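Protein sequences, first through last, are from chains S, A, W, R and Y.
Each residue of the first sequence is one higher than the one before, counting from 368 in this note's numbering.
Each residue of the second sequence is one higher than the one before, counting from 256 in this note's numbering.
Each residue of the third sequence is one higher than the one before, counting from -18 in this note's numbering.
Each residue of the fourth sequence is one higher than the one before, counting from 206 in this note's numbering.
Each residue of the fifth sequence is one higher than the one before, counting from 19 in this note's numbering.
Because the hints were derived from the structure by calculation, they are not lab data.
It should be emphasised that the depicted structure is a prediction, and the values quoted were computed from it without experimental measurement.
Be a bit skeptical, because a hint or two may be false.
[Said to hold, decoys possible] Here are the simulated lysine-lysine pairs, DSSO-like style, with alpha carbons at most 27 Å apart:
(1) R:K391 x S:K452
(2) R:K391 x R:K280
(3) R:K363 x S:K452
(4) R:K581 x R:K685
(5) S:K375 x A:K290
(6) R:K451 x R:K280
(7) R:K451 x S:K452
(8) R:K293 x R:K398
(9) R:K527 x R:K391
(10) A:K290 x W:K155
(11) S:K452 x R:K535
(12) R:K363 x S:K421
(13) W:K2 x A:K347
(14) S:K452 x R:K370
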Amino acid sequence: MHASYVLKRLLQIIPLFLAVMVLVFVLVRLIPGDPVSTLLGDRATDDIVARANKELGLDRPVIVQFGLFVLRMLHGDMGDSINLKVPVLRLIGERLPVTLFLTVYAAVLGVLMAVPLAILAAVRRNTWIDGLIRGVFQLGLSLPVFYVALQLLTLLGARLGWFPIGGYGDTFGEHLYHLFLPALTLGLNLAAVLVRTLRSSVIEVLTAEYVDFARAKGLPGRLILSRHVLRNALIGTVTLLGLNIGALIGGAVITETVFAIPGVGRLLVDAIFGRDYPVIQGLTLTFAVIVSLVFLATDLIHARLDPRIEHA
Amino acid sequence: MSAPEAPALLNVQGLTKTFAARQGLLSRWRGQPGKVVQALSDVHLQVRRGETLGIVGESGCGKSTLARCLVRLYDADHGTVRYGDQDVLALKGAALRGYNRRVQMIFQDPYSSLNPRMTVGQVLKEALSVHRMRPPAEQDARVSELLSLVGLPPEAARRLPHEFSGGQRQRIGIARALALEPEVLIADELVSALDVSVQAQVVNLLLELQERLDLTVLFVAHDLRLVRHLSHRVAVMYLGRVVEVAPTGAVFEAPLHPYTQALLAAAPSLDPSQRRAAPAITGELPSPLNVPSGCAFRTRCPHAFDRCATERPLLQDVGGGQEVACHLYTAPSPVGAGPQHP
Amino acid sequence: MTTTLPAPAVPAAAPKRRWPKPTLLIGLLLLLLLVTAALFPGLYTRISPTDFDYQAILRPPHAAHPFGTDNFGRDVLSRVIYGTRIDLQIALFTTLFPFIFGTLLGSLTGFLGRWSDALVGRIADLVVVFPFLVLVIAIVAVLGPGLTNMYIAVSAVGWVSYWRLTRGEVMAQKRAEYAQAARVLGYSPARVLLRHLLPNAVTPAIVYLMTDMSLGILLGASLGYLGLGAQPPTPEWGVMVSDGKNFMATAWWISTFPGLALTVAGVSFSLIGDGLADLLRPRQ
Amino acid sequence: VTRGGQLVYGRYADSLFLDPVLNDANLDIWILTNLYDTLLQPTNDGKSVQPGLASAYTVSADKKSMVLTLRPGIKFADGSAITAADVKWSLDRARNPDNGAWNGLLESIASISTQGNTVTLALKHPDPTLPSALATFNAAIMPQKLFNAAPGANDAAKAKAFAEKPVGSGPFVLSEWKRGSYMVMKRNPYYWKKGSDGKALPYLDSVRFEIIPDDNTRILKLQAGELQGAEFIPLSRVAELKSNPKLNMVLFPSTKVNDIIMNNRPKLNNGAPNPLGDVRVRQALNYAVNRDALIQLVTFGTGKVMKSFMSSATPLFDATQKGFPYDPAKAKALLAAAGYKNGVDVTALATSGSADDQALLTALQQMWGAVGVRLKIEQVDAATKTARYRAADFQMRTGAWTDDIADPSEITGYYAVSGATDAAHTGFKDDTIEKLFAQSQQETSRVKRASLYRQIQTRYANASPTIYLFETPYPVALAKNVQGFVQIPLGYNLFVGASLEK
Amino acid sequence: MSAPVTGAAPLLTVRDLDVRIPTPGGELHAVRGVNFELAQGEVLGLVGESGSGKSVTLRSLLRLHPAPIRVAGEVLYQGENLLTLPEARLRAVRGAQIGMIFQEPMTALNPVLTVGQQIMENLLEHKGLRGRAAQERAAELLDLTGIPSPRTRLADYPHQFSGGMRQRAMIAIALASEPKLLLADEPTTALDVTIQDQILRLLLRLRDEMNMGLILVTHDLGVVAQTCDRVAVMYGGRLMETAGVRELFEHPRHAYSLGLIRSLPGVGAHRQPLRPIPGGPPDLRRLPDGCTFAPRCSYSTAACLGAEPPLLRVAPQHDSACVHYDRLPATLEVSL
Ligand SMILES: Nc1ncnc2c1ncn2[C@@H]1O[C@H](COP(=O)(O)OP(=O)(O)OP(=O)(O)O)[C@@H](O)[C@H]1O
Ligand SMILES: Nc1ncnc2c1ncn2[C@@H]1O[C@H](COP(=O)(O)OP(=O)(O)OP(=O)(O)O)[C@@H](O)[C@H]1O
Ligand SMILES: [Mg+2]
Ligand SMILES: [Mg+2]
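Produce the entire structure from the sequences given, and follow the hints as far as they go.
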């Protein structure tokens, strides 16, 4: 892949960000309620609120605030959290890795579940195995995330004690262990989406002529599946996966709450409820960056998998 | 085998059509000039009233593009098309619809050329009512009439396209075009997708309709045998250019252009005792993104010489209504390498 | 007019009707059940879904309350049944507007192409770089919690999928010969688009609509979990599951039955979706 | 008592800003008391004070100065000595009107002087609340040198930096803090206090706070033994956890009251006439509440009927207050007298998604419905609710209060006195109450003060600016082996005497 | 034209091949009792209208049909019945002994693997070649099929090839294992006549060089005339006639073969009506009694309606399933 193509795509993200910034800035200020009185609570007197607003510069005209916001963003400064009193960048720096870890973990688990099962379902299509696989995932798709999360937590966590309940841990191994249930929850959801499409694309690929050609060449079945069927079936799945990363990050909002994971999802919900403007702005921008990068990566991987797509 | 001598009904002059090639983003980013597909390049052609003009050539040579430009599905880049005294390429709105009513197209693919969700009756009636061909009360009768015209029973009106075989669908497509009572039918690969036996049925229908309705037909195909059977005159295209136009007999019995000769030679003969050992022509069609300079055929031409690379041969009348675009037939004559007739 | 040609018989005198698969029938039956429950909840229960009964708090399922009672002594069965109305409404309203708007816009920009397509494409980019739930939460926060605002939020975001699907399909259908034929037949662009392209391009959107309906209900549940969805005492399944989570250990019935209802609705939509995909696919 | 070990405690949310003076929320306050010591301390029943860093204090005869004697040998958690200068600096900082929301508590101090290990507070006027104020979190003694050594250009920046790694003289010192995830406090080896067994406190080596917002998850984690304590157990699960033999479900008495705050102004913000401007309507609403039923429904039997606007755990609560017995007939009569024979419409703001609000208001809907009051519930999120409350753009709302200081003046100043908050934004103002309150603020005789507060409470009850509902405890579930942990009525979590027994 | 090696045991013998395909609308009897033999080095053309069962027949030879499709009969290759061979042994025949190429090179080549990879996987599987040796051999094979600069072309993906080159690449892949028999399902239908001409000639040359048997499925009688030694005409899942290619064109002994030839344009006079076979092919789910062609046949009599006429030897090297084989006229002179 050409570096300049990547560069170009990265440059394309910039105007998008400007739009995102304006949108978010306007959006958060449209939310009724203000950060200071929310933070100070019902009891604070008007003077105290006014003083705090002044300290935070929230008494200035909105357009000035926006100017300052953009100016600071250009210096890579997202401001300080109104509620937590620490730089937003630091907060994101601390919590984003957790969410990313969770998201990637969930994606990996989802794919690990979806791919073999989708292939199995496709190869054994219209048998009871197929029905079972599709039924189980259908179930996963029609139950709310927090419900599945709580059930997994109760069963695998509390009742059987196989996994810790919530938390994140300190080492990589601990992360893997602690985040297993939340990642499984999210992964199940993702897998449900993937299985559906992957199954039908495997079925489609299985009837493709090049698969017959491969069989006519006398290649062993496993090789045909892995080399010819899977690679082609995965092409569309990669795009779907990319599109679903956004959904995964969104799903993390709920999952992180249930599993007490200190990620950005929870941070965002708290920030919205607490009207913590800088955090909301910083996080949404970060999400926009991540999702854009994921889309870019998806395109690149897609192009890798599918030589028919040429970018350069 | 003589074509009816009649004035040109459709007169195509210098028609050129390019498509922007799907270009890599990177090269666009670098500001490299976009590549273009030369689908039609300076095409001159006359279609005479009442005749069947066959158009042949290898895949990608621009046959469909020409057909589509004529019915204004594509907007040509340059050139003129005159229909009687109308400037076809300048038509708009009602005038264009009026033109399309007179000049209809029938399509190749029996599967995708009919809206899968409309019954045959709806398809035909829609054409009738949009163009107010018949008052609503008479439309049903006209639908049956059209169906019987193409050899289908009236019940067919209630059916959906998928209930018909390929040949029958092509009949429906023809009926749809005929609903507008056109003068000119442009048939793009009308029977290519059909089996020979069914193909013959549709060809017979076309012959009969042409006779009965006094239609002018532009018959685009790559089956040489079929074109020979049907056409009064034949135009041979190569890489967006017309390289030879002549009465059918001349093209098949005394082809002048080396490409026409090669094409004819490559078509498999039905006589098992006439087998050639060597291929009629070697090499592949050059990419339309990169059409050779001068004569486009020179890269595969056994007779190519210097001038072919530098100068583009123009279509010239060599007598007997036969036109050819080849330096072999234009003065100054080269080293004497005359054309070889098969 | 007669013809000298041998008239070939029209094949298969009885048109081969493709019967809906049993799965579609099951899906429709389930939906029918849900719809009657939504329209005539009185058919299934006589108890009010919101009346408290301090005397019967947290009763396990028994004859008087087949699904038990919740922490306010409300009848869970009745709440599940009345919840049908809300949840079907959620399913419909979270998808209907995005569907209509997205499909129309998609067919229009897919048909017109060029700048209109590019413009809408940019807007869509802007919408999709936000994780869906995040954007919906933000919008609901702006507008205030509650179902109506949830519909508005979902509509503001959800149209993109339909736009994508329909746009792509229209662009593909545009190339089909029947669409070109329609143009050559001199039909107006509006007719080509609405009568020919749209009916053929809308199938994926309709199929997606079914999946989206269950996603809509789930979204409602997620927002309910965060306190932004249906507001109490409205009986809504997602919120009921969420409210019942505190009682999972002691009163499993509070969240299990609405959870089951969610599943039934989800399965029904999905079966119908698969069935429709099959049924609506034009036969060739 | 067993020494050592780590107690893991599940909190529903993380602290925000661990500065005694500049913090805003209970999330900070309830933890700060473990990190910082005050000169005096509230007793565990939250009703009086005991010596802290000051071993003794004396008030001058004219009641206009106070002398505190520092305990000898006291040290900050870094081992440096606590000096009188630190005390002066800390109290000056805490009473600076520019600093934070709590400086008003120390408003009566005119100046501070030090001599050796004594600190003298000169007062502007006699202040009966001062001992309690000195036992309140914001009067914590901070190390002046360390604070000034913190990075930052000005005090605000230094405060931010210092609050990240605070060093105080409380029983514990913060050793690790991963925001939103966990916080670890280690035992302060220099802590001065001895336990009942005469040994140095605290017993625990460390306390680890895990942040677990979801109630269920917190409980599951406790049940799985990953936590030894969890706060804010939903009241609906108290009974269940009480019957769990591995757990000790404790309901710590609290000063928390739950009420309905009414807009008492004759007109609403939008200009519409407000029936709640009529005292008879407000009283009627109070009489029409079946508090016992509410306690069953909303608090699952754990609550207690409110008899006054303040909780029964607040000092000087008047035990003779009758409150409002459930009397729908009387309510009807009052409404009729007020001209609402045919009923009246009222709207209440509820916090969206709050199960308690929903339970409460829907129950009230039914109860009031019986006397002809039609209650409409308007759901808004907490931030909006606060904003509209502050703008007096409401008719009714759910409310709750917890004392921060062991004195009735705080809640009274907020609820009953017009002052800065317009009597909890109700718009209620009673000149007599204003006068009585002003008097009470300078009356140092406990008996006389009690009488003043009795009058205030009675007058308040008659005017009924709010609807009293019920008091609720702090529900904390602990593992069986946890001993000595208390959450005092002010909410402070005290780990100083906690231990993990075998 | 090289004559089939006579006397030697046939390379391939197909006996009573029968294929049933379950479909939602009923079972489809796609191939019904097909018998033929193929000698080494022989080119057999399999012709017939669309849907007559040509592809199904060809696929059955290599047992390529997936599960619900039932195949019965015998496909004897070197004395072994491929239809009952264990999967592992079958794989050693597939690709190695018998190669296969398809109609649409765009869909038959895996779009995500380079042409080189697709040749080399065959070389590895059947020739055990890997690494440089495999590269060399792959380039040789591309060269053999007439692809210019084969070494660099190995790294190209199928979409980077033109239609004709793809078809050559596919042939190269099939030839990698030097099969004794090549099955070609309409290998040139998607191509232009000029390229078709080149490909057919390539196949004939390879047949000559490698003494390979070739079954060529096509519905273009011109291709048959130019390429095949013998022809089998298929209709409604059965063989209607098999004959030497000249025999067939000069003296078709089945009404269907005759009809096919006569419906071709160019047989009659310019712009005169052609002579189509009326109607369309039969529905393989509901076959008529007797000769399946009878409903469309202008020679049909009551004799055609009883039992289905078997394929019988009617002349030397000439079998027909037509009751009226001896009443059929010779075809007219075929021109062009
Ligand atoms: N819509 C289009 N966009 C881009 N390129 C096109 C388009 N239509 C045709 N072309 C290109 O123009 C050239 C001529 O195509 P055209 O379809 O006219 O050929 P043709 O002679 O009809 O071929 P065929 O026999 O395969 O139908 C080809 O190179 C083709 O790829
Ligand atoms: N997998 C399948 N499932 C259902 N029907 C099939 C399948 N494969 C083939 N058929 C049917 O079997 C019959 C014979 O098909 P086959 O592909 O062998 O025809 P063909 O002679 O190769 O035709 P063509 O010239 O169109 O390739 C047809 O009616 C076809 O529809
Ligand atoms: Mg074409
Ligand atoms: Mg076939």
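For each hint, the structure was consulted:
no., hint, in the structure
1, R:K391 x S:K452, "holds (24 Å)"
2, R:K391 x R:K280, "holds (16 Å)"
3, R:K363 x S:K452, "holds (12 Å)"
4, R:K581 x R:K685, "violated (45 Å)"
5, S:K375 x A:K290, "holds (21 Å)"
6, R:K451 x R:K280, "violated (39 Å)"
7, R:K451 x S:K452, "violated (39 Å)"
8, R:K293 x R:K398, "holds (22 Å)"
9, R:K527 x R:K391, "violated (47 Å)"
10, A:K290 x W:K155, "holds (24 Å)"
11, S:K452 x R:K535, "violated (52 Å)"
12, R:K363 x S:K421, "holds (19 Å)"
13, W:K2 x A:K347, "violated (49 Å)"
14, S:K452 x R:K370, "holds (14 Å)"
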